[in-house]
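A.B. asks: Residues per chain, in single letters:
Protein chains: 2
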Amino acid sequence: MTFSKAASDEKAIATIRCLAADVVAKSNSGHPGAPMGMAPMAHTLFSRFMTVNPAHAKWINRDRFVLSNGHACALIYILNHLLGYKDLPMEQLKAFRQIDSKTPGHPETGHTEGIEVTTGPLGQGFANSVGLAIAQANLAATFNKDGFPLFTNSTYMFTGDGCLQEGISSEAASLAGHLKLGNLIALYDDNHISIDGDTACSFTEDVEQRFLAYGWHVSHVLDGDKDLEGLYKAIEAAKKVTDKPSIIRVKTTIGFGSKQQGLAATHGAPLKADDIEGVKAKFGMNPKESFVVPEDVYAAYKQIADRGARPTRSGPSSSRPTATTADDAIASRKLSETVLGKLADAIPELLGGSADLTGSNLTRWGNAVDFQHPSTQLGDYSGKYIRYGVREHAMGAIMNGLDAYGMHIPTAGTFLNFVSYAIGAVRLSALSHHRVIWVATHDSIGLGEDGPTHQPIETAIALRAIPNLMFWRPADGNEVSGAYLVALQSNSIEKTSKGGYVLVENKDADITLVASGSEVALCNEAVAKLSDKGIKCRVVSIPCFSVFDAQPIDYRLSVLPSGKPILSVEAYSTLGWAKYSHAQHGINTFGASAPAKELFKKFKMTGDDVAAKAQHVVKVFEGQTLVSPVELEAKLLAY
Amino acid sequence: MTFSKAASDEKAIATIRCLAADVVAKSNSGHPGAPMGMAPMAHTLFSRFMTVNPAHAKWINRDRFVLSNGHACALIYILNHLLGYKDLPMEQLKAFRQIDSKTPGHPETGHTEGIEVTTGPLGQGFANSVGLAIAQANLAATFNKDGFPLFTNSTYMFTGDGCLQEGISSEAASLAGHLKLGNLIALYDDNHISIDGDTACSFTEDVEQRFLAYGWHVSHVLDGDKDLEGLYKAIEAAKKVTDKPSIIRVKTTIGFGSKQQGLAATHGAPLKADDIEGVKAKFGMNPKESFVVPEDVYAAYKQIADRGARPTRSGPSSSRPTATTADDAIASRKLSETVLGKLADAIPELLGGSADLTGSNLTRWGNAVDFQHPSTQLGDYSGKYIRYGVREHAMGAIMNGLDAYGMHIPTAGTFLNFVSYAIGAVRLSALSHHRVIWVATHDSIGLGEDGPTHQPIETAIALRAIPNLMFWRPADGNEVSGAYLVALQSNSIEKTSKGGYVLVENKDADITLVASGSEVALCNEAVAKLSDKGIKCRVVSIPCFSVFDAQPIDYRLSVLPSGKPILSVEAYSTLGWAKYSHAQHGINTFGASAPAKELFKKFKMTGDDVAAKAQHVVKVFEGQTLVSPVELEAKLLAY
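Going down the list, the protein sequences come from chains A and B. Here the first sequence stands for residues 1 to 639, numbered as in UniProt numbering. Here the second sequence stands for residues 1 to 639, numbered as in UniProt numbering.
Since the hints were derived computationally from the structure, they do not count as laboratory data. Since the structure is predicted, the reported quantities are computational estimates derived from the model, not experimental observations.
Example chain B residues on the side facing chain A (calculated, C-beta under 10 angstroms, incomplete):
#1 Pro-107
#2 Cys-163
#3 Gln-615
List of simulated lysine-lysine pairs, DSSO-like, C-alpha gap at most 27 angstroms:
#4 A:Lys-26 <-> B:Lys-601
#5 B:Lys-86 <-> A:Lys-602
#6 B:Lys-604 <-> A:Lys-635
#7 A:Lys-58 <-> A:Lys-239
#8 B:Lys-58 <-> B:Lys-86
#9 A:Lys-94 <-> B:Lys-597
#10 B:Lys-233 <-> B:Lys-11
Glycine residues also receive a C-beta, built at the ideal position from the N, C-alpha and C atoms.
Can you make the complete structure from the sequences, with help from the hints?
C.D. replies: Have a look at this one:
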């Protein structure tokens with residue numbers, strides 16, 4: 001195909017630029033410069049290449065568009081408005097960044113139809129798009145047959161300087177190059193401006209050479225402000241390269257058309273009213289009118305939308321709970337391996353992986369095939385196990401992309417401590433309602449000799465505090481299975497595991513011990529020791545705070561009733577446990593290097609230590625009738 | 001200088017290899033393969049180039065050695081043993097990874113003399129070394145005069161495949177190339193093996209080309225197992241390149257000498273006894289003896305140590321508290337800017353910066369000069385302000401390196417939400433007792449229109465749970481100043497701010513409102529509203545949990561006394577506040593995009609909302625005498 005310019009091209013680009021200025025000005029907040037600068041590349045991509053179906057936004061074989069520089073989201077809202085997505089009538093463009101609008105400050109999938117992934121935190125979208133491309137490649141290799149190509153879509157991604165500076169994009173780019181993902185095309189908005197000003201102040205690497213080093217197809221368009229034919233040809237050429245991901249460096253002018261074009265001033269604040277008038281005059285629009293779309297521009301975008309309006313089937317919903325599974329160091333990761341093996345046979349959607357800790361996380365089931373380009377002879381694209389390399393942050397964001405595609409259930413492993421490296425992606429997973437399963441092994445001081453650099457003390461509370469994320473810390477095989485069950489069954493938390501339950505009941509108990517994971521066993525030990533001293537105990541296991549919190553109050557009170565004291569026991573920071581207990585036993589320092597058994601002694605985490613602490617707690621509260629924190633919380637909420 | 005082989009070279013390398021096998025075998029835990037493989041490059045570097053003074057380990061102009069692949073720490077423990085560091089007699093090599101030893105599972109600075117930075121979490125050491133190199137360059141530019149070169153040391157860093165896969169190393173490498181740090185030399189142990197096996201499964205990028213793209217001097221040694229002359233020449237050539245950092249790719253064989261050499265089997269588990277005997281026989285050592293160092297090897301390392309034994313001055317201690325300052329979105333970052341400006345005049349050690357948010361974080365004082373290579377004409381090496389680019393994780397680890405050098409007080413800014421990207425470095429900062437100051441602006445929903453992708457809800461609790469880290473959330477100018485004061489004054493927490501205090505006292509109060517940051521003002525508003533209803537309030541501000549917790553119990557009880565109910569108010573996850581309060585008011589979901597004022601309404605964070613909640617709390621607890629959680633905690637601790 002050759003490029004032929006349409007009469008509506010310049011007008012459409014002018015419309016996008018003027019709308020971007022209007023949208024940000026009306027909300028008096030946001031980023032006009034990047035959408036104005038990227039308008040030509042966006043219009044060229046959408047008008048000549050993108051196949052989507054706004055009437056069936058979830059059509060599974062649609063091309064995916066990811067705006068990794070998500071602060072430029074006025075651009076995607078405008079494009080999707082022009083395409084006719086129902087969430088984006090003109091009123092929504094006018095409600096940009098306002099309360100309860102469909103046009104939040106950064107794009108959120110699930111919140112706004114037509115937004116594939118949640119972007120804005122820089123670099124996330126870059127890695128998401130690698131996940132979207134892997135998903136497509138895997139489905140194509142699995143289901144496409146000669147003459148019946150079911151999965152043929154491309155993934156297009158826009159990225160800015162900021163994304164390319166973030167380490168997560170380096171991780172994702174290196175992996176994408178290794179995997180030879182020819183279905184992924186990135187357009188790099190090289191506008192030479194970041195918030196601190198000219199990128200000369202901190203970002204002077206040779207980006208093209210860097211991506212060549214990763215094994216990408218690399219090209220450039222030197223006049224991204226005007227050269228539509230150059231943009232067209234670069235994308236066309238990239239599409240022809242099927243064994244490498246592509247990146248096209250597009251030199252653009254930020255805020256093109258503004259009096260301040262090319263300057264950081266156009267990056268993160270609205271243009272002034274007179275400047276906007278000037279922009280409109282320059283582009284042949286009426287300077288006195290705002291939020292204007294000429295009819296022929298709507299018509300051109302109607303044609304684009306029609307291109308995708310063919311018989312479709314809708315994809316599965318991607319609004320499913322996020323889940324994290326934390327396994328203890330000794331046994332439960334083996335239990336997890338067993339469960340994963342059985343699940344993989346029953347659930348072909350599972351797409352596993354590990355950040356170079358396969359043998360430690362036990363995340364690879366027996367008959368798994370690696371997801372690799374066939375030329376490597378290490379696997380093929382129908383494989384269901386991804387070797388992520390030591391790239392935790394990209395792994396997290398790639399899993400988000402895999403889920404966003406709509407046909408996979410991604411699971412992947414690393415040490416719990418290194419989920420911290422990826423927490424930027426994990427919180428977006430939760431915000432975006434991605435069903436993503438982390439297998440986070442080797443928790444707390446139980447990890448032993450690797451020492452405090454590898455022993456998470458604060459990670460559990462950090463994950464427990466993320467809304468819409470289930471952090472599980474199973475104590476035995478049943479809890480491992482329960483965690484997977486809840487993670488896999490969408491929105492049916494109530495019907496399955498309850499997140500917390502009574503393990504040892506005793507109607508005459510003097511104290512309740514509440515714990516998770518390995519420390520449940522310590523509590524059981526302590527019960528016997530305390531019994532010898534005439535102290536009667538109940539034991540409660542709470543493997544998952546958020547699932548337990550979702551249970552009816554009567555159930556929660558049956559688990560943690562008022563009356564006698566409750567003592568929490570966990571080999572982590574005690575912070576947060578006061579919501580379930582009157583006293584806390586834990587570790588509020590960093591760990592140390594030694595065999596696990598000795599560390600549990602050093603940090604007072606033995607059955608004897610728990611018994612001694614419990615005895616003290618019973619004494620302190622002797623004769624008092626205590627209100628359960630659960631009862632108190634319920635009372636305090638009801639007003 | 002030309003290379004001449006010494007008689008002791010081969011013997012020293014054999015000694016290091018056999019000791020590495022012995023050390024890991026005795027502890028039955030650890031990583032023998034990498035130390036065995038890196039022995040020739042380590043010996044060449046130490047014997048021919050490194051200048052250190054084991055008797056004065058903190059001598060400021062020593063060469064810095066960073067083992068970024070910290071799991072190979074048997075290597076550095078062995079080298080430092082040979083050099084005669086007092087923390088590392090032979091008994092300590094035999095106590096590898098055991099309780100309370102000086103040889104923990106991964107190297108910890110502050111814990112073991114001669115360890116420059118804490119490494120193991122992959123990629124951290126790489127970025128630390130960039131910080132060490134920046135520190136040297138800055139001091140040299142500031143203090144060296146013709147004929148009086150005070151600061152001349154080099155920073156040498158070993159890195160493995162894993163470090164290079166982590167995004168943090170990409171961030172740091174790109175910045176180091178930009179800054180043209182000719183005093184930094186990395187040796188890449190290219191052994192083609194990671195935990196999942198051959199790097200062919202996930203890491204096939206062209207590392208040399210990637211570093212050329214970053215602007216580094218790049219070379220390689222193809223037989224790193226034996227070619228000492230090649231190693232020598234490569235390092236020598238790298239030292240001559242003074243306007244670029246250098247990386248030397250050294251092809252080695254993991255576990256060289258073992259029956260399993262070249263295989264992942266030698267990576268993370270001890271070699272078998274018979275294999276170790278074979279290694280010793282192969283290298284001319286007695287197979288039946290362990291932990292042997294020939295006298296001429298000790299003698300050779302004595303000579304190395306003597307090279308650094310010249311008149312020295314000791315550097316300042318680097319054991320100082322870590323601090324984080326969180327400023328609210330409107331005013332306190334401006335207060336921070338004022339304080340920083342005054343501090344910069346008084347404290348030349350301050351080395352500021354921001355991850356491309358200078359204008360938002362307000363971290364750059366008025367007369368600051370950028371730290372830039374003079375050829376850029378954007379600053380010079382004596383400059384005190386670093387443009388980190390959008391590289392939060394590297395920024396965190398580089399600050400750790402800056403502090404590790406011993407002469408600077410690093411401060412740097414980003415949004416609080418993006419401290420999450422760097423939390424892997426932040427926890428090591430705390431573990432290593434680095435005095436590092438983060439200026440983390442734009443907290444919670446107060447950030448407004450940027451929306452939930454940028455609004456931290458869970459970050460405060462995550463940081464509060466990190467041991468040895470002060471997370472401050474100041475409510476006014478005094479608290480901003482107090483936070484800086486505590487952060488800057490080593491180990492004098494008691495003498496300065498108390499972390500929490502009574503803002504509004506009322507002897508007849510019906511309730512205490514406890515808050516931090518912006519919500520302190522809401523509590524003050526609520527006081528007036530409640531007064532109209534006949535409810536009397538106290539208001540307490542706790543800007544820093546860990547500093548408050550360090551106060552005497554009498555003081556803490558005077559702030560949060562038993563008797564009447566205590567309600568916490570904070571626009572974050574309520575998790576953790578039960579340690580100070582009977583009831584909590586907060587945000588346990590993600591935020592949203594809108595002007596801040598509207599968000600505070602939507603999330604029930606107005607003076608009216610706080611008053612309503614307080615009124616309810618008073619009613620629920622009417623007639624009860626409550627025990628302060630602070631009193632309870634003290635009682636429970638004393639057993």
